[in-house]
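Protein chains: 2
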Amino acid sequence: MTTSETIHDEDVRITLIGAGTIGLSFAALHLSHLRDASRLTIFDTRDDLASYVHSNLPKYLPPEQHASVSQIKLATSLPSAVGKATIIQEQGPENAAFKTAIWAEIEEHAPEDALFWSSTSGIPASVQSQKMKDASRLLVVHPYNPPHIMPLLEVVPSPSTSDAVVERTVSFWRARGRTPVVVKKECTGFVANRLAFALLRESIHLVRSGVVTVEELDRIVETSMGPRWAVAGPFKSYHAGGGAGGLEAFMKNIGGTVQACWDDLGDVRVGEGQGWEEDIYAQTREAYGVVDTGLRDRTTKRVLEVVEEEKSKG
Amino acid sequence: MTTSETIHDEDVRITLIGAGTIGLSFAALHLSHLRDASRLTIFDTRDDLASYVHSNLPKYLPPEQHASVSQIKLATSLPSAVGKATIIQEQGPENAAFKTAIWAEIEEHAPEDALFWSSTSGIPASVQSQKMKDASRLLVVHPYNPPHIMPLLEVVPSPSTSDAVVERTVSFWRARGRTPVVVKKECTGFVANRLAFALLRESIHLVRSGVVTVEELDRIVETSMGPRWAVAGPFKSYHAGGGAGGLEAFMKNIGGTVQACWDDLGDVRVGEGQGWEEDIYAQTREAYGVVDTGLRDRTTKRVLEVVEEEKSKG
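Residue numbers (our numbering), protein chains in the order written: chain A, 1 to 314; chain B, 1 to 314.
Hints are not guaranteed to be accurate.
The list treats identical chains as one, so a pair stands whether inside a single copy or across any two.
No farther apart than 30 Å at their CA atoms in a straight line, the calculated lysine-lysine pairs in the DSBU-like style are these [what the hints assert, rightly or not]:
#, residue 1, residue 2
1, Lys313, Lys59
2, Lys313, Lys301
3, Lys252, Lys313
4, Lys252, Lys301
5, Lys59, Lys252
6, Lys131, Lys252
7, Lys311, Lys301
8, Lys131, Lys184
9, Lys311, Lys84
10, Lys313, Lys73
11, Lys73, Lys184
12, Lys131, Lys311
13, Lys84, Lys252
14, Lys133, Lys73
Note that these hints are calculated values from the structure, not bench results.
Using the sequences plus the hints, can you model the full thing?
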C-alpha cells in the first residue's frame, strides 16, 4: 500500500447514511477515535433527526464524550452530506432497490477517492453497485451488533472491488483496534451469521423437540461454548481437544459422534404456519422480557478486555 | 427433597472410574471442594497409576493444592474402589460393552444409595444400564471439557432414572457453584455437542468453499458470537436484537436472511475419502501447532469470572 492510499486520521471525514441502531453505534465508535467530532456527518431523512440523535446517541457513549454529540454535522440532503467525505458508510433499509439507487447518487457527489462501505447483512456489493459507474469502490463492511462493542467487521468485496479499496478498508479498521476479516467470496449471509444461524436452527429444533427450554439452551451455551469460543474458535478448540495429535486425533476419537449428530440435526423453517414460532417467541418473552442491553454490552466489553489482557501476557 | 436424600459434604466419598484427561480434570474439581482428599478415590487399571496421577494431576491444580494429591486413594481393584463410595463417576472408554459390564459390576459392590454418573459424550444411560438390576440409579453427567474450568454439566437421565437421583445430582453440582442443566430426553450427542457440531459443520463447509481460512473463521467466532454467547445465549441475544419487539421482531426483520442461510448451509461428512479432512487438518496444524491449553484455561476462567461479577452487580 502506498502512502497516498492511506487515510491519515487528521484527514478522515466520515458520513454515515442512516441513523438507526447500527448507525448510532458506528457513530459512537467513530467519535471515540476522531479528535474533531465535526468530521462526522450523519445523514438521515427523518424529520426529527437532530432531537433523535441528541437524545439517543449519548446512550452509546461514555459520559466524557456526551459533549461531542452537538458538534456532529447532521444532514438531510445527500449531496451536501457526502460532498467532502473520505468514507461513506451506509446502513439504510435492507432493500436492494434503495441501496442500488443511493450508491449511484452518492457516487455522483462524493470525492473521487472516498471509500464506500455498506453495513448490509444480506445484499452483496455486486448487487448494490449495479448502477454505479465505477463498481470497484464499493464493498460490504458488515459489523456484529453492536459495532461500538464487538470487534469483528466482515469485509466482503464484490468481484469488482479493487484490492486497494480492500486494503485501505482493512488498514483503517486495524488502526482502530478492530478485527476486520476479509471474506473472499460473496455468499448468502457472509460468515458470522451463517455460523450463528446454523446453531440457532438446531437450538429451535431441540427446544421444539422438548429436550430443553429456551432458557436452558441459552444457559448451556453461556456456560460452555460461549466462553470457550471467546478464547479459541471451533477449529482451535477441537485441535486442542485432540492433544498432541490435534484436530485429526480429535476426529479419530469422536468423529462417529460428530457424524451421528450431523445426521440427526433438525430442519426447521422460518415463516407463518411453521409451528415453532409462537412457542419459541412466547418462551423467550416469558424468560427475558426486555433485555438490559446496557448490562450485556458492559459485560461483553469486559470479556473482550480480559481475553486481550491474557493474550498480551502470553 | 428430604434431608435424608441430600449428600452432606462431610459424608461425600467420590470414586472416579478412569484417569484420562476428563478423569484428572474432575479429580481437580472435586479436590477443590473436599476438605479431606482421602475421600477421593481414583480407579484405573493402568500399571503406572500412582506415578501417572502424581505427575499429571498437579497440572490441573493451583500450587497450594499440590500436596493433597498424595492423600488421594488409588485403586486397581473395582470392588474395593467403590465399596464405600457415595458417588461413582465413570469416564472409561467410549464403548457400550465396557460401560454396560462395568455398571453391573459396580452395582454389586457399591453402597445401596450411591449415585452412578457417566461422563460419556454419546452412550445414553438407557444403554449403559441394560445389565443393572436397578436402572433407576444411573444417569449421564456430561461435562464440557475441561470440567475443572467449564461450569456446564449436562445431566441426562434415562427414562428409568429416578427423580430423586436427578435431584440429588443437580443439588450436588449447584452446591459447588457449577451449572447442571437437565436434558429431558436422551438424544444423540445431548445438547452442547449437537449445537457446537452444527456450527462446526458449517465452518468446515465455508473453509472448503474458499470463503475464509481456518484461522480467519476462528477469529470471526472469537470476536463476535463467542464473547456475545459468553454473556447471553442465542435466544436471549436475538431477543435483544429485536428491541422492544423481541425475537419476534428480529425474525420479522431478518427472517428472510435466516431462511436463506438455512437453505444454503453446507453438508459435509466425516470419514475417509470425504475430501475435506486433509486440507482442514493441515491448515489447523499450520495455524496453531500444539495449543497452549494453560493459557486457554486461564483466560476462560477470567471470562467466566467477569461474567459472574457483572451479573452480580446487576
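Going through the hints against the structure:
1. With identical chains, the CA atoms of Lys313 and Lys59 are at most 30 Å apart between copies only, with a shortest distance of 19 Å across copies and 33 Å within one.
2. In this homomeric assembly, Lys313 and Lys301 come within 30 Å of each other (Cα to Cα) both inside a single copy, at 19 Å, and across copies, at 15 Å.
3. Proximity of Lys252 and Lys313 under a CA criterion of 30 Å is satisfied in neither setting, with 33 Å inside one chain copy and 44 Å between copies.
4. In this assembly of identical chains, the alpha carbons of Lys252 and Lys301 lie at most 30 Å apart only when taken from different copies (28 Å versus 37 Å within one copy).
5. Proximity of Lys59 and Lys252 under a CA criterion of 30 Å is satisfied inter-copy only: 25 Å between copies versus 50 Å inside one chain copy.
6. In this assembly of identical chains, the alpha carbons of Lys131 and Lys252 lie at most 30 Å apart only when taken from different copies (29 Å versus 51 Å within one copy).
7. In this homomeric assembly, Lys311 and Lys301 come within 30 Å of each other (Cα to Cα) both inside a single copy, at 15 Å, and across copies, at 13 Å.
8. For a Cα distance limit of 30 Å, the shortest separation of Lys131 from Lys184 inside one copy, 23 Å, qualifies, whereas the shortest one across copies, 55 Å, does not.
9. In the homo-oligomer, the alpha carbons of Lys311 and Lys84 never lie at most 30 Å apart, since the shortest distance is 40 Å inside one protomer and 45 Å across protomers.
10. Taking CA atoms no more than 30 Å apart as the test, Lys313 paired with Lys73 passes in neither setting, with 41 Å inside one copy and 37 Å between copies.
11. Taking the closest pair of Cα atoms, Lys73 and Lys184 never come within 30 Å of each other, the shortest separation being 35 Å inside a single copy and 56 Å across copies.
12. Proximity of Lys131 to Lys311 under the C-alpha cut-off of 30 Å is found in neither arrangement, the shortest distances being 45 Å within a copy and 49 Å between copies.
13. For the identical chains of this complex, Lys84 and Lys252 are neighbours neither inside a copy (58 Å) nor across copies (37 Å), given an alpha-carbon limit of 30 Å.
14. In this assembly of identical chains, Lys133 and Lys73 lie within 30 Å of each other by CA distance solely inside one copy; the values are 28 Å within and 78 Å between copies.
Of the numbered hints stated above, those contradicted by the structure are hints 3, 9, 10, 11, 12 and 13, listed in ascending order.
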